[in-house]
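Undergrad: The lines below spell out each chain.
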Amino acid sequence: MIETPHNSAFMVAAYIVTAVILVGYAFVLARRARGRSR
Amino acid sequence: MTQAPRGRWTTAVALLLLAGVYVRALAFTPTEIAQGPAQKIFYLHVPAAWSAMLSMALVGLGGILFLFLKDERYDRFAAASAEVGTVFSLVMLTTGPLWAKPIWGTWWTWDARLTLTLMMFFLFIGYQLLRGAVADPGLRARYSAVVGICGLVLLPFIHLSVYLFRTLHPRPIVLKPSAPSLPPEMLITLLVSFAVFTLLYIGFVVQRYAIGESR
Numbered sequence: 008m009i010e011t012p013h014n015s016a017f018m019v020a021a022y023i024v025t026a027v028i029l030v031g032y033a034f035v036l037a038r039r040a041r042g043r044s045r
Numbered sequence: 038m039t040q041a042p043r044g045r046w047t048t049a050v051a052l053l054l055l056a057g058v059y060v061r062a063l064a065f066t067p068t069e070i071a072q073g074p075a076q077k078i079f080y081l082h083v084p085a086a087w088s089a090m091l092s093m094a095l096v097g098l099g100g101i102l103f104l105f106l107k108d109e110r111y112d113r114f115a116a117a118s119a120e121v122g123t124v125f126s127l128v129m130l131t132t133g134p135l136w137a138k139p140i141w142g143t144w145w146t147w148d149a150r151l152t153l154t155l156m157m158f159f160l161f162i163g164y165q166l167l168r169g170a171v172a173d174p175g176l177r178a179r180y181s182a183v184v185g186i187c188g189l190v191l192l193p194f195i196h197l198s199v200y201l202f203r204t205l206h207p208r209p210i211v212l213k214p215s216a217p218s219l220p221p222e223m224l225i226t227l228l229v230s231f232a233v234f235t236l237l238y239i240g241f242v243v244q245r246y247a248i249g250e251s252r
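Order-wise, the sequence lines are chains A and B. Position in the first sequence (from 1) plus 7 gives the number in the working numbering. Position in the second sequence (from 1) plus 37 gives the number in the working numbering.
Where hints are given, some of them may not hold.
What the hints assert, rightly or not - To give a feel for the contact side, a few chain A residues facing chain B, derived at Cβ under 7 Å:
no., residue
1, 12
2, 20
3, 25
4, 32
5, 40
No lab work stands behind these hints, which were simulated from the structure alone. None of the values given here were measured: they were computed from a predicted structure. Don't be surprised by glycine CBs; every beta carbon is placed ideally from N, CA and C.
Next up, chain A with everything else stripped away, as it sits in the complex (with noise of 0.2 Å):
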């Protein structure tokens, strides 16, 4: 029988830096566009 692997530490820092890296992106965009309205 397959013992499942603990290993969930590694898929918990995927979800955190995906999560900060396209959220971090929408807020520079949001920033910039308010840049250039002014």
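Mind docking chain B on chain A? Use the hints.
TA: What follows is chain B alone, placed relative to chain A:
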């Protein structure tokens, strides 16, 4: 509604839906027994790779259309797509090693698939460095179009690299001639994630295009 608010709304909706993907992937999709929880990185890594490749394809297409039609809107669109593609490539290149380490035992290996995707990332970076370095708008658009077309040519090699070379990277399980080899719950989560990443790409590009237009 002008382009920038439309893009902001699309991005906001896509980010909310991304939160839904997180919930579905983490709480309502079964854990693969051999790889464990790390396999769930799949639901972010593969759609991020799809969006990065879609970005590069459209940078190339924008370049071709610019060279033929001399319409600077295509150049602006290609520039927007390249910046967004860099972001998705970054997601792909960080989630990939985080998945590889527990499964392959190494963060990185210089096999064909990984090396070619890294090359695509460098093409995105090079594309933007080039745009920053050339002052003349006409020349900048023409040179950028050539780099974009190089990226477009690279895409089939990236997709076929797992068939053409010996590589640790698994072969496609959805984009292949036969039916997808995934249980239905996993396949639905993956397809929803594909849709959300595509919507996110659209939202980002519309916003970025509007910023480029106001320059």
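Undergrad: Does each hint hold? Answer for all of them.
TA: Comparing the hints with the structure gives:
no., hint, verdict
1, 12, "holds (4 Å)"
2, 20, "holds (5 Å)"
3, 25, "holds (5 Å)"
4, 32, "holds (5 Å)"
5, 40, "holds (5 Å)"
Hint violations for this structure: none, all hints satisfied.
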